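**Student:** Each chain, written out:
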Amino acid sequence: MKMLPKILFLVVVSSLAGGGRSAIAELSLLPDERLSEVSGQGGIYLSGDISINEMGGPVENSYFGRCSDAGKKCGARFAYRLKETGGWMVLDEIRGNFAFEGLTLRVRNIDSGFGGDGELFNRDVLELGLPNTVRFNDVRFKIASSSTARPTDPGFQQTDIFSVEMRGEVIMEGNLLVFPTGNP
Amino acid sequence: MLRSITGKHIWCRLLALVAVLSHSIARAELEGLTESEMSEVDGAGIGLVLENFKFSHGTDQPDINGQQARIFRISGIKSTDGRDVDITVNHLYIAGANSNYGETLTPVNLGRLLNPWRIDVVDGNTIGIDDKAVLEFAAPAMMSAAEGYDCMGGSATAGSGTCSSRPATSSYIGERADIGMQMNVAVGADRSANINIHAKSAVVDGSYLRLWGDDGRRQMVGQFKLNFFSPELSINACSQDGSACGSRIVMSDFALQLAIGNELQPVFLDVDGTGNFVVDVAAIPKPAPGSIGGDGLRGSSDSETWDFYEAYYTNPEYRSNLSIGNFSVGNRDFGSARVQGMLIQHLNITTKDLAP
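Residue numbers (the working numbering), protein chains in the order written: chain A, 1 to 184; chain B, 185 to 540.
If you're looking for bench data, these hints aren't it; they were derived computationally from the structure. None of the values given here were measured: they were computed from a predicted structure. We put the beta carbon where it would ideally sit given N, CA and C, even for glycine. Check before you lean on any hint, since a few could be wrong.
What the hints assert, rightly or not - On the chain A side, residues computed to face chain B include the following (Cβ under 10 Å): (1) 52; (2) 54; (3) 98; (4) 106; (5) 110; (6) 127; (7) 131; (8) 155; (9) 168; (10) 178.
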C-alpha cells in the first residue's frame with residue numbers, strides 16, 4: 001500500500017520528461033500541513049448582456065404581440081396583489097437591454113479601514129464589485145395599478161402612474177458588501 | 185484481512201445507526217409551529233454596506249443628428265387638460281461630500297460595518313406589533329448621544345449627536361452622501377426651466393419600512409419612517425442652456441422626521457376595483473361610551489382606556505417633525521422654521537385616472 005504514491009509520482013514524471021525541468025519541479029509532493037495552507041484565488045468575474053422582450057414576448061393574443069405591431073403591447077408584465085380580494089400593483093411593459101462588464105463576486109476579510117470600523121468588525125463579507133458603468137439600451141418600464149391580473153381578463157381597468165425610460169451609460173461604482181447581522 | 189472485515193462491520197453498523205437516528209431527528213423536526221411560536225422567529229438579518237459608491241445618470245443634449253447618448257426620462261403622467269407631462273432628468277447623482285452641487289463626483293460609503301443597512305425579519309413583539317413576523321428594511325440605526333455623531337455634520341467626533349453615519353474628514357470619505365437632481369418638466373410643448381435640487385452631506389439614519397400582513401383585513405400593511413438630515417438643502421432654477429440661474433433657495437440645517445403609520449395605526453396599501461392605488465391610515469378607534477370621564481381626567485375614567493389614549497397622544501415616535509435652521513432666498517434670510525409634533529390621525533390617498 002505504501003508504494004502507491006511513489007509509483008504514481010514516477011508515472012507522472014516519466015510522462016512529462018520531455019516537458020522540461022520546471023514541470024518536474026512543480027510536481028513535487030506537498031505535505032498535508034502545506035496543503036492545508038493553500039488558498040485559491042476565489043471569486044467570479046461576470047460580464048453580461050441582458051435583453052428583456054426587445055422584440056416582444058412569447059405571448060401573442062389580442063393584447064400582447066411583437067414590438068413591430070403598433071397596436072399591441074410587447075413588454076413583460078409583473079402583477080402583485082396587496083389584499084386578498086383587492087386590485088393589482090403592476091410593473092408593466094418592461095423591456096430593453098442592459099449590458100455590463102466586470103461585475104465581480106468574492107469573499108473578502110475586512111480587518112482594517114472604514115474609518116476604524118474595519119478593525120472592530122474583523123469578519124468575512126461577500127463582496128459584489130459593481131461594474132463601474134452599466135450600458136442601458138432603451139430600458140423602459142411602467143408602474144401602474146390594475147383591477148385584474150391580466151389585461152385580457154374581463155373587467156380590466158388600469159391606471160398608469162408613471163413610466164421610466166433610460167438609455168446610455170449609467171455610472172455605478174463601488175462595492176456592495178453583504179454580511180449577516182443581528183443575533184439569531 | 186480479518187481486521188479490515190471487522191472494520192467494515194463496524195462501519196455498516198454505524199451507518200445503520202446514523203440512518204435510524206437521522207430518521208427520528210427528522211420526525212422531531214417536522215412538528216408544526218404555532219402562530220405565537222412562529223412570531224418569535226427572529227433570524228439573523230442581512231447587513232448591506234456600499235463601499236466607495238458613486239452613482240450618476242442623466243440626459244445629454246442631442247448631437248447634430250438629434251441623437252442623445254444618455255436619456256433618463258419619467259413620463260406617462262397627464263395634465264388635467266389631457267396633455268402629456270414629461271420629466272427629463274438631466275442629472276441624478278449620489279456621491280461623496282463636497283461634490284460642489286454635483287460638479288465633482290467622488291465616492292462615498294453608505295452604511296457602517298458596525299451599523300449597516302439591514303433587511304431583516306423581526307419579531308413583532310419586540311417592536312409593538314403583537315404576534316407577527318415583520319419584514320424590515322432599515323437604514324443605519326440612530327445611536328445614543330454618548331457615541332453618535334452630530335446629524336448636521338458640524339462635528340466628526342463621537343458623542344456629538346445621535347446619528348450613526350459619520351461626516352467626511354480629511355482622512356476618511358465618510359458615510360454621508362451628496363445627493364442631487366437636475367430636471368425639467370414639459371407639459372405638452374411647454375418646457376420649464378431646469379430645476380436643481382441638491383442636498384449636501386445627507387443622512388437618513390433611523391429610517392425604516394416595515395411590512396406585515398393584517399389578519400382582519402387580509403391585506404398588506406406597513407409602517408414608514410423617514411429621517412432626513414442635511415446641513416444644506418437647496419433649490420434653484422436655471423434656463424435650459426444653463427446660462428442664467430435664479431436665486432438659490434437655501435434651507436440650512438434641514439431636518440425631517442416623517443412618521444407614516446405606527447403600531448396602532450398602520451398604513452394599509454391596496455388597489456381598488458377600478459385600478460386605482462389606495463393608501464389608507466385608519467383613525468384610532470373611539471373609546472367606548474362612558475369609559476372616559478366627563479372631565480377627561482384619569483380618576484373619573486376607566487384607567488386602562490385612559491392610559492391607552494394618553495400613551496397614543498404623548499408618544500413622540502408617532503409624530504412627524506420638520507425643522508429648518510435658516511431659510512434664505514438669494515441674500516435674504518428669513519430665519520428658522522419649525523413644525524413639530526404632527527400626528528397623522530387619518531389619511532386616505534386614492535389615485536385618479538384623468539385619461540378620458
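**Student:** If you check each hint against the structure, which ones fail?
**Tutor:** Numbers 1, 2, 3, 4 and 7 - these are the hints that the structure violates, sorted from lowest upward.
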